[in-house]
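*Asks:* Put chain B on the given structure of chain A with help from the hints.
For the protein sequence lines, the chains are A and B, in the order given. In case it helps, the working numbering puts the first sequence at residues 1 to 512. In case it helps, the working numbering puts the second sequence at residues 1 to 512.
Keep in mind the hints are simulated off the structure, nothing from the lab. Hints should not be assumed to be uniformly reliable.
[Unchecked claim] Covered stretches of chain A, as calculated for chain B (at least 3 residues, CB under 8 Å):
hint, stretch
1, 108-114
2, 176-186
3, 304-318
4, 480-490
Please read these numbers as outputs of a predicted model, since none were measured by experiment. Ideal Cβ positions, reconstructed from N, Cα and C, are used throughout, including at glycine.
2 protein chains.
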Amino acid sequence: MNKKKPVQLLRDKAIIRFEGKDFLGEVGVDGRIFRSLTYARISVGLIVQQVAEKGISVLVNSHVADDAVACLTKEFAAELASGAVSQIFHISGVSVISFATDDFPQLMAELARNSIYPMLLNRSGADRQLNIVVGAGQDQKAVNIIEAEISAKPKTVHLAVLGNGRVGSALIDQVLSSAEEIRQRKKLDLKIIAVADSKEIVLDKNGFGSRWKEEAESMPTASAAEAVIRFGRLHQLENLIAVDVTTSVDVAEKYPLLAENGFDLVSSNKSYNVLPIGGYRDLRQILRKHNRRYLYETNVGAGLPLIDTIKLLHLSGENITRIRGVFSGSLSYIFNHFSAGNLPFSQVVNGAVKRGLTHEDLREDLSGKDVARKLLVLARELDLANELKDVRIDSFLPKRLLNCNAEEFEQSLQKADEHLEELKQNQQPGHVLRYIGDLHGDLHGDKGLMDVALHSVPVMSSFGRLSGSDSLFEIYTESYGENPITIIGAGAGAQVTARGVFGDILRISETK
Amino acid sequence: MNKKKPVQLLRDKAIIRFEGKDFLGEVGVDGRIFRSLTYARISVGLIVQQVAEKGISVLVNSHVADDAVACLTKEFAAELASGAVSQIFHISGVSVISFATDDFPQLMAELARNSIYPMLLNRSGADRQLNIVVGAGQDQKAVNIIEAEISAKPKTVHLAVLGNGRVGSALIDQVLSSAEEIRQRKKLDLKIIAVADSKEIVLDKNGFGSRWKEEAESMPTASAAEAVIRFGRLHQLENLIAVDVTTSVDVAEKYPLLAENGFDLVSSNKSYNVLPIGGYRDLRQILRKHNRRYLYETNVGAGLPLIDTIKLLHLSGENITRIRGVFSGSLSYIFNHFSAGNLPFSQVVNGAVKRGLTHEDLREDLSGKDVARKLLVLARELDLANELKDVRIDSFLPKRLLNCNAEEFEQSLQKADEHLEELKQNQQPGHVLRYIGDLHGDLHGDKGLMDVALHSVPVMSSFGRLSGSDSLFEIYTESYGENPITIIGAGAGAQVTARGVFGDILRISETK
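In isolation and in its complexed conformation, chain A is listed as follows:
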């Protein structure tokens, strides 16, 4: 039995292009082209005459492309001399893919999302059969997408994870342990094809399994982004998402390059979003132009649904008048425990470090800079043109402490204990300390006001009742009246941040 493969790939074809002007409209020209090729024993696979722009395309095997051009050049020598025929040339290195499908639109959308351009396509109205001609550099990728679609196989999404620290490791574990269920339920096959740290990258086009940590020790690289772009092109991988779980400015600076090369972006790294506003806007233009998405829900409040909520409210015309909150899970933990217990400040901070709630450089948290960056990310979601320097940070630590190096800082944190104890004791009764960020002012103007400061609040207020390392956000809007939308939950930690990153990956994958 001659069992036909569902998808046929014919390689090494060439398109012969014959271009002229109105001359081509004349009856008989097509016949001459055709006849001369037939006499030269050149088998023609596919002939397309353009309707509006007068030109004819003919598909032949690559090895006879030169002969075909020569034969037509000879046949139309007179017309080439007179200019009636403008040029005859070939485009080599194309492939024909032939298959049957019941879901043509879905398939075309998927090819398009992967920047696959059929040069020719042929499908008769009554027929499920399709022929498309694509560049050889994309043929295998096209076949993969088509095979997945027509056999109702799960669609493959390829993830390049930049950063293998705590969040990256948690994310990889989460993806690996959920992959099977997602394949079943959503027909999505999530494959981690790259894991990179700042020095090395490990790549596997088939996707890593649970042994990725052992495998992740191999290839030195200067730029992980460039390595995954090359790798994706080499293996013609479809549906690529770059996932940045570093805090590195260097990695963030590659976002435009990644987007231009067909990657969607998911990031827990705030670096790009706090660049001067010009760069911020440039990336968004590049994303629009290349039809790519960039999600960063975990930039503020880890896995809590804050950014998406604000984005949709704002875009739907809801007048957001204020966003206020305990933005930092680590500072939440620190002040919740410092206020409620009897430990010196420095010991509470050490507890937060041990629980993995803080940045590697503790001063990122304690200086208020991290909160300032989060405020800025939100301000820009509201189309405000604020810059980082606009945030007024009221630091609760003495300046000299923040200006020493990281090591000295940790050692001398105890020097702040007395100062913080004093702040704690000088409060009204029933009050506690909370580190609060506040975006307010005229949020319809060019810039909003942004403040970060330590406040003494009643223990029974919503801020005062916070516990653990929970973040709390209040979104005030006009329709929602005096009571804000309030979102509370774990706002730091590798597990919850990774879960939020995973959510963004799924958001993008679902519309792939």
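*Replies:* Chain B alone, transformed into the frame defined by chain A:
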């Protein structure tokens, strides 16, 4: 000057299909087809020979289609008789669209999302010029999409609003007042092309302006869904979203029909989601098959980001262990005010009615049925196979009250005052009444436990501190530890519900 139009549409074409088997591979057959058409003075616009399935397609003007078939039938009479040529026929009513584009993939994706199937497509590698052949019934829609794309005009999204009650009216006002800014910022042109109530529908393919209420008084209809489907097809409207802001089961039952006809769905109507699980799952299969989306964030908690959050947590493998909350904005208002003040219960209820927080039939709220439905919507998001009858409703009203008709009910609500006052007085000191829904049990099994009941809770607990008509939801998960994700905010009212519906419309439009 002969200024060329950017998009050329050539109508009244026909595809001549010539089908044979391996016979077609023989050198000379193509030549015979071509020569015989040339001799018959039939001008051929586009010729495509299929590569794998042996067949040839030729494009001619409609009025010579019969002649072309006759001429080829004569030329190949012997081969038709022998079976070497299986059939020769024409497909009429096709159009050729010719244009230049720099963003081919984006364009193909948009055509595909609108179920536009090019039967032939031709684009040479080096060239921006494209020819596509589509059915005449889609040609103008295709031209609209192409023109919007190549001139970087905003993409038009057509909204059919089913229901013009309080939520519908608020939504239309919100869309109209934000439309200009969304056009600028997101390059999306939101047009409301239909507004329907249960008896009438008003349609305008150019979209309504602020006078829609005066215009919305015209056309009687039995089924708004069928009317908008016909209207959309007649005017070849692209990017269609049906927005259901009714509470009608009849409207919900049309969702499969709408999805099959290319509509995405946005709904604040819970009816479909509480159907027996078979119907629930069927719709999701239809949506998958037709590549359509169905969003219903406002089914629970109005505009609060609850469903999307739960959906992503669940899909990303987060183990959700319990969802508990004050699910109803109206019952929140009623018990917050009843607990805090001295008014009799029936007067507090009347206040809620006056504020527009309740359903038209008050008993929907007071019976606990509305809360039960919301619990069920969430349970099913977690893939539980629960049915509405699984919800244990502990009603706080005497049965006889719930079983009378709506009018009698409102009149006799006072009879419940004494009972409720008793419940209120019999609490421990510092406690208040809250109506709480609870989804718990083994949420990994086939079914969860669902309870709706009036609870007495400490006034200083998160539930006790609720005010206004705020809803409160607690999502307990494994990664987030003992502290749940908590979301609080206005969970009822036309403005906030409409805002949530608008958010869903934008979610869908953004990925169009």
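*Asks:* Tell me, in ascending order, the numbers of any earlier hints that this structure violates.
*Replies:* Violated: none.
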